[in-house]
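Asker: Could you build the full structure based on these sequences and the hints that come with them?
Residue-level listing of the chains:
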Amino acid sequence: MKRAGIALLLVVVGFLLPRLLGGSTLVYDTLVVIAIFGTMAYGLDIILSDLGEISLAHTAFFAAGAYAAALLSVNAEWGAWATLGGAIVTALVLAAVLGAITLRTREFAFSLVTYAAAVVCANIASNWSFLGGSDGVVGIPALDLSIGPITLVAGTNTQFWPYAYTLLVLTIYLVHRFRRSRLGQAALMVHMNPRLAVMSGLDGQRIRLMVFLVSAPISAAAGWLYAYQRAYVGPDLFDTYFLVLMLTAVILVGRRNLLGPVLGTAILLVQKSFLSLGAYGDKLVLGGVLVAVLCLFPKGLASIRFRRPARTPAMRSVAVEKRIV
Amino acid sequence: MNVAQQLVNGITIGHSYALVAVGWTLLLGSARLVNFGHGQMYMVGAFVAWWVMRMTGLPYLLAVPAAVAMGAVIGAVMQMLMLRLTLEQNLVSLMIVTLGFGQILEGGAGFAFGAQPQRLVSPLEGIDFRFGPVWFTAQDLLLVVATIALFLVLRWVLARTVLGSWVRMVAEDPKLTQLGGVNVALVYMGIFAFEGAAVAFAATLVAPRTPIMTSMGFDQVIMTFVVVVLGGIGSVGGSYAAGLGLGLFTAFFGALVSPAYTTTAVFVLLIAVMVLRPGDLAAGRGFAR
Amino acid sequence: MIPVLEVRNLAVSYGGDAAVAVSSLALQPGTLSGVVGANGAGKSTLVNAIAGWSRAAPRVSGSVLLDGEDVGSLPAHEHVRRGLLLVPEGHGVFLGLSVEENLRAVRSPPSSSVRRAFSVDEVYDLFPRLRERRANAAGSMSGGERQMLAMARALRLGPRVLLLDEPSIGLAPRLVITLLQAVRRLVDAGMTVLLVEQNVRAAVEVVDTLHLLERGRMIASGPVAAMKDDPRIIEAYLGASHG
Ligand SMILES: Nc1ncnc2c1ncn2[C@@H]1O[C@H](COP(=O)(O)OP(=O)(O)OP(=O)(O)O)[C@@H](O)[C@H]1O
Ligand SMILES: [Mg+2]
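The listed protein sequences correspond, in order, to chains F, U and C.
Take 17 as the starting number for the first sequence in my numbering and just add one per residue.
Take 19 as the starting number for the second sequence in my numbering and just add one per residue.
Take 24 as the starting number for the third sequence in my numbering and just add one per residue.
Bear in mind the hints are in silico, worked out from the structure with no lab data behind them.
None of the values given here were measured: they were computed from a predicted structure.
Heads up, none of these hints are tricks.
Just the calculated beta-carbon pair ranges, DEER-fashion: (1) ILE25/C <-> ALA87/U: 46 to 54 Å; (2) GLU92/C <-> GLN107/U: 27 to 35 Å; (3) ARG154/C <-> ALA167/U: 30 to 38 Å; (4) HIS114/C <-> PRO229/U: 46 to 54 Å; (5) VAL275/U <-> PRO165/F: 51 to 59 Å; (6) ARG211/F <-> LEU198/C: 28 to 36 Å; (7) ALA167/U <-> SER292/F: 42 to 50 Å; (8) ARG78/C <-> ASP219/F: 28 to 36 Å; (9) ARG148/U <-> ASP252/F: 39 to 47 Å.
Residues of chain F clear of chain U, computed beta-carbon distances all greater than 10 Å: (10) LEU37; (11) VAL109; (12) LEU161; (13) LEU168; (14) GLY200; (15) ASN209; (16) ASP219; (17) LYS288.
Every residue, glycine too, gets a C-beta built ideally from N, C-alpha and C.
Answerer: What follows is the structure, encoded as structure tokens:
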């Protein structure tokens with residue numbers, strides 16, 4: 017009960033955050049992007065923290081969501097709810113294909129193939145005119161989620177905030193539920209103790225595939241909203257920058273930390289918005305943070321505070337051995 | 019189609035793939051490490067050579083060793099920072115760290131060399147050989163000869179020297195290697211220095227074929243993945259064969275079907291291998307073959 | 024006499040669980056000491072800690088003095104360079120390397136060292152079986168041959184003190200005797216050896232000193248002649264039929 021109360025309070029404070037921070041356009045811009053990229057990072061978080069694998073294909077899921085939103089709204093003139101469905105279905109199909117291919121690969125082979133998949137998706141996106149080629153797709157309409165008489169439209173970032181924030185909160189709730197679900201527990205066991213998992217009758221490959229299918233739509237939904245927010249999609253969505261941003265966000269605070277990815281995203285994007293060093297400088301910062309955190313604090317920044325004081329050797333007080341010489 | 023010419027092109031491209039991949043092959047075989055900064059190291063190698071030629075006026079053939087030395091230093095520094103993770107064999111964190119290094123190199127190169135495309139000019143590009151319908155440059159010849167030489171030397175070192183034995187020992191059992199009096203940290207550093215030097219060397223030989231940009235690392239690395247995976251993860255001989263095969267495939271696919279979708283076709287090939295023979299990917303030992 | 028190796032207040036724990044606590048252990052030069060104890064008593068943990076090596080990540084405290092120098096905090100390969108060598112339990116050779124490569128690919132002591140490192144030919148003389156199989160991959164050898172190879176590797180490194188963790192594991196009874204006699208000859212030639220051995224009956228025939236380890240503690244130590252008559256040893260290891 018108490019925890020639910022705190023969570024509710026956090027949700028309300030989070031919603032009011034832009035206003036508490038002064039409500040300037042820059043604040044709204046930054047927070048909207050944090051919410052979107054934070055959502056994107058949660059998709060990866062499930063794979064990295066719960067399955068223990070590094071998927072490098074999540075930029076592709078993110079981009080798939082964005083492209084689906086763009087093409088369906090511009091070419092087919094679908095509404096935003098329908099394009100959301102389209103984005104999720106696209107991501108599911110992509111994840112199912114990729115999941116089936118990578119079903120039996122582990123660690124670096126898995127990462128290699130997911131990375132290769134992302135590169136190929138980027139390659140296709142920048143060459144195939146159906147996807148707009150290197151020019152991308154422009155002219156995406158304003159977000160319109162109106163239901164019946166209730167008008168829900170967003171054009172500016174200030175108007176976007178409630179939707180981006182809702183998506184983020186829903187995602188965090190979903191991840192929370194996932195970790196308590198049977199699938200989440202099974203995934204953790206497959207990751208931490210594969211042998212025990214087999215003995216308990218868990219089908220590791222099926223679980224991995226299922227987790228993949230849960231994770232991809234999350235990143236895709238972020239991409240879907242990003243398409244409306246930017247009103248443009250292009251092959252730049254596949255940039256490694258997004259990938260590294262996601263990874264850094266997940267590991268920065270600490271893995272399997274429910275608020276970790278959004279806090280990590282926030283730290284990184286606040287630097288980019290308010291203390292930007294230009295494109296190259298931001299790359300340096302991002303890469304530097306990633307390297308420094310993993311080399312110095314492999315468990316994330318949250319581990320610093322909780323690091324236990326060095327224990328005294330457990331066995332100082334051992335009795336002197338008996339000698340019988 | 020001029021079959022003989024495509025054959026020559028394929029051989030050249032194939033050797034460039036194999037050469038770019040050789041350092042990584044060793045890395046993967048000996049330390050089970052994946053270096054996602056590989057493409058950016060390639061980019062830095064090309065730009066260092068370009069910069070040295072431009073700033074000092076040194077000829078191309080002297081800029082090559084400068085770039086190679088820089089590559090070795092970058093590799094060694096990377097490994098020094100990652101040593102703890104390497105000794106723990108924390109493969110997940112290591113992969114992410116190498117991505118971070120890639121970003122650092124790309125950002126740093128952006129500051130140092132600017133956003134403009136450049137050309138690394140090799141005088142050997144201007145020397146042509148013609149045999150009937152077939153045509154190639156001295157640069158192509160150098161690339162092929164240097165690649166074969168490097169692979170032979172690497173195989174010889176791995177199979178015949180004490181240094182090579184240490185690398186194979188680290189690959190099999192780093193802990194036990196310590197009990198042979200070998201400083202495993204230094205071996206890892208050497209392996210990384212080789213990776214850095216080899217990819218920089220590859221860059222100086224391959225990059226004159228196309229304009230260079232500081233953002234080219236990402237694309238560059240894809241073929242390396244395919245070579246390493248198709249070659250049997252860490253097998254030196256295998257990655258040479260895979261590089262060559264892939265080069266021929268690229269040349270003929272480009273000529274017969276479409277150059278724009280070569281990468282995609284190669285990826286389909288990769289998928290086919292992964293789905294049909296997943297066992298090959300689980301391996302990772304016995305890379306000295 | 025001044026001991027060549029001295030262990031003081033050595034405590035080892037795995038993730039908080041204490042595994043070994045030995046307040047003192049000294050090896051006199053040119054002697055063969057045996058460590059015996061039940062499975063899980065901490066024998067391997069003890070010798071690994073002395074060598075500064077482990078496959079796991081135990082917490083180790085205390086000091087290990089080799090010729091008076093505290094080597095306790097040095098990395099494993101530095102122990103090796105100073106002549107403190109370990110032949111670990113079980114897997115002690117590189118299966119992917121040939122017998123000869125296994126023997127050559129060690130970092131032998133500098134020629135200025137007073138330690139005597141065996142040449143490849145000398146270890147072949149000691150273990151003729153290895154010479155016959157010099158070109159074979161170590162992975163194709165039997166368990167006993169691997170044990171010989173692992174020991175031969177250690178000799179190549181010029182041991183000052185040799186720690187042997189159950190070298191006779193998996194060997195036929197006759198081979199155990201042969202192996203232990205070979206160890207005895209090395210000791211007679213001046214080497215200092217600490218031998219962990221399950222086969223107590225065979226061990227008491229060759230060692231000078233015997234240590235009994237139980238749940239991480241050294242519960243009895245002494246010259247083998249006296250220890251042979253220790254009721255705990257007789258009861259647990261030598262059986263009623265003995266003396
Ligand atoms: N890697 C490890 N992690 C946790 N505990 C360990 C580890 N290795 C050993 N132990 C524990 O330490 C204790 C001593 O183990 P050790 O291997 O030293 O025994 P041993 O006397 O060599 O046994 P054996 O005769 O079977 O070789 C045991 O209780 C064991 O459970
Ligand atoms: Mg033992």
